[in-house]
Amino acid sequence: MSQAFTKAMARNIFYGGTVFFLLLFLALSFDTVSALPKRDNRANLTEAVAQGKKLWENNNCIGCHTLLGEGAYFAPELGNAFKRLGGKDGVMAFIKSRPAGGIPGRRSMPQFNFTDAQLNALAEFLKYSSEINSANWPPNVQG
Amino acid sequence: MQYSSQAVAKPYFIAAIGLFVGQILFGLILGLQYVLGDFLFPEIPFNVARMVHTNLLIVWLLFGFMGAAYYLVPEESERELESPGLAIAMFWIFLVAGALTILGYLLVPYAGLAQLTGNDLLPTMGREFLEQPTITKLGIVVVALSFLYNIGMTVLKGRKTVVSLVLLIGLTGLAVFFLFSFYNPDNLVLDKFFWWWVVHLWVEGVWELILGSILAFVLIKTTGVDREVIEKWLYIIIAMTLITGIIGTGHHYYWIGTPEYWQWWGSVFSAMEPIPFFMMTVFAFNMVNKRRREHPNKAAVLWALGTATMAFLGAGVWGFLHTLAPVNYYTHGSQITAAHGHMAFYGAYVMIVLTMISYAMPMLRGRTAANSNKSQVLEMWSFWLMTIAIVFITLFLTAAGILQVFLQRMGENPLPFMVVQEKVALFYWLREIAGLVFLIGLLTYVASFFVGNDEPEAKTAG
Ligand code: HEM
Ligand code: HEM
Ligand SMILES: [Fe+2]
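Chains as they are written, first to last, in numbering that gives the first Met the number 0: chain A, 0 to 142; chain B, 0 to 461.
There could be a bad hint or two in this list.
Part of the chain B face toward chain A, derived, beta carbon under 8 Å [said to hold, decoys possible]:
#1 F45
#2 A113
#3 L115
#4 E227
#5 Y234
#6 L241
#7 E259
#8 W263
#9 R291
#10 Q407
Listed next, the in silico PhoX-like pairs over lysine-lysine satisfying Cα-Cα at most 20 Å (straight line) [to be verified]:
#11 A:K95 x A:K82
#12 B:K159 x B:K220
#13 B:K159 x A:K6
#14 B:K289 x A:K6
#15 B:K9 x B:K289
#16 B:K220 x B:K458
Source of the hints: derived by calculation from the structure; they are not laboratory data. Just so you know, even glycine gets a beta-carbon here, dropped at the ideal spot from N, CA and C.
Given the sequences, and given the hints that come with them, work out the whole structure.
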């Protein structure tokens, strides 16, 4: 790099640039958090949804699936599973019917032995997730 | 080795390499499960193997960063480490906590582990990369704080250089952003929004400072180029990193319920994120070309040039590939993401840790500057084997990803996920073969520590 460009100048760009863009990021984040109530479906965030999210986490579903495109890529996207499986009953029936020993030769989902109340909570959680305004993602029902 | 307390780096490096081997073995299990779906089912389901694979990666990289800091900081500060005893104590705490966590994943069903560790008291588990029980996370915080104290005091009381200052800023940022892993609201969008403050602001923010400073250190040592020049580069690289990377977080805010202006902010700023990586490549090659001495440790120089190149390819090029919102609409959460994740992590963070190990380990094992020729030749073989393997892993996953996007997300008759997965299975088999080559490369790497130890050190002109 040329001599006219000194280390002190580089240092000032680093500190100045970092502080400026960090503050800009904080401002944008603040705006986002204020705008979220219109998009994040919080009106439907019921007790059952919260319980469903806990079950989702405690069983590490994200270790195989994506949810709104984030997670693992081993098993189908679930942000729109509520729509793909045809509503709550479809979701619950699917989770409930997984064979404990798996399906020979295929990728299989474990049998979690959920109670009916737990199945209901998970289905509610996936319903809530499917109603988040995700800017039209995924492109189609296959996720 | 100029200061005896630098020796604490050695166990950190050894643990890092050991856990690296574990990470790759579980990667191979995952790769096999991709094509033989019932492999190890239900004993080790995919999600468990995946947690082990990714968490081992993060933990061994942290061991590597800490080891690097313990080696580098005394030399930069020109004084002994504040407390070598604390560093050794933290080593054992971190190792035991890490081992228990991995054993917990493997031996107890995850829901049982959540219950056993009282996840309901402060639920933080079950989110990608942050699967560790809350108590493990608290342990990580304790280790990180003790580490920062130890490093921070050494820097403050000693000579202050740009290299050690940048490293300290990076490490502090690492600890600070990790605190967001404790924030897990019921609101999924908020949860996801702040999850990225750990993941993105780590790998595309503060970790790049750590990367830059370790690279600068090794280049100063191996090329003998004037520190002033190298430090100027370091400043401008990390300036570009944070100027582009902080707002660049927006490339994860396109489709998770956040406002749509992020499609602009995220696309524009993250499209510039390759710039600092490119500068790093130019920097490394420039410094090596302008070298004032021939360092006998050729392997370390090779790793340094390798990390600068592969970080640009993996993070810069493969990141750019899917970072613009209209592209990401189709590629989001596909095998393209996995392709990029592998090359970026390998190129930037695996390779920088191996650069530092390569540079420091000979001295830590009693050499004056470098290993024997024989050992270095083997190490350079492992460099090429692992690097070429990761290139092929990335290419095969990219091919699988392009097909996946095409078949599942575009066109008139999009196919279901599972159908598409079977159609692209050939590429997963090829990925697994490349993975085996990676393992061979890694075993070669380990072997390089055991050969040529009774032979004389490599000489400069050799
Ligand atoms: C033998 C070589 C390897 C194989 C076969 C392998 C295989 C895999 C598989 C199958 C996944 C899960 C993808 C999914 O979620 O569906 C994965 C995830 C991951 N692996 Fe590897 N891996 C290997 C080596 C590595 C290396 C060397 C690194 C680090 C440099 C690495 C870092 C990661 C990361 C970061 C993820 C998470 C990716 C994401 O979320 O996009 N792996 N790996
Ligand atoms: C060394 C630096 C980097 C590392 C280690 C890294 C690693 C990763 C990983 C592991 C993921 C997957 C996260 C998940 O599981 O959801 C990811 C996602 C992503 N990365 Fe990077 N990355 C780096 C730099 C970059 C850069 C410089 C860019 C842009 C130019 C970029 C663009 C992206 C994008 C757009 C995604 C989201 C993919 C999706 O929508 O599925 N990354 N990165
Ligand atoms: Fe990112």
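Against the structure shown, which of the earlier numbered hints fail to hold, in ascending order?
Going through the list in order, the structure violates hints 3, 8, 9 and 15 and respects the others.
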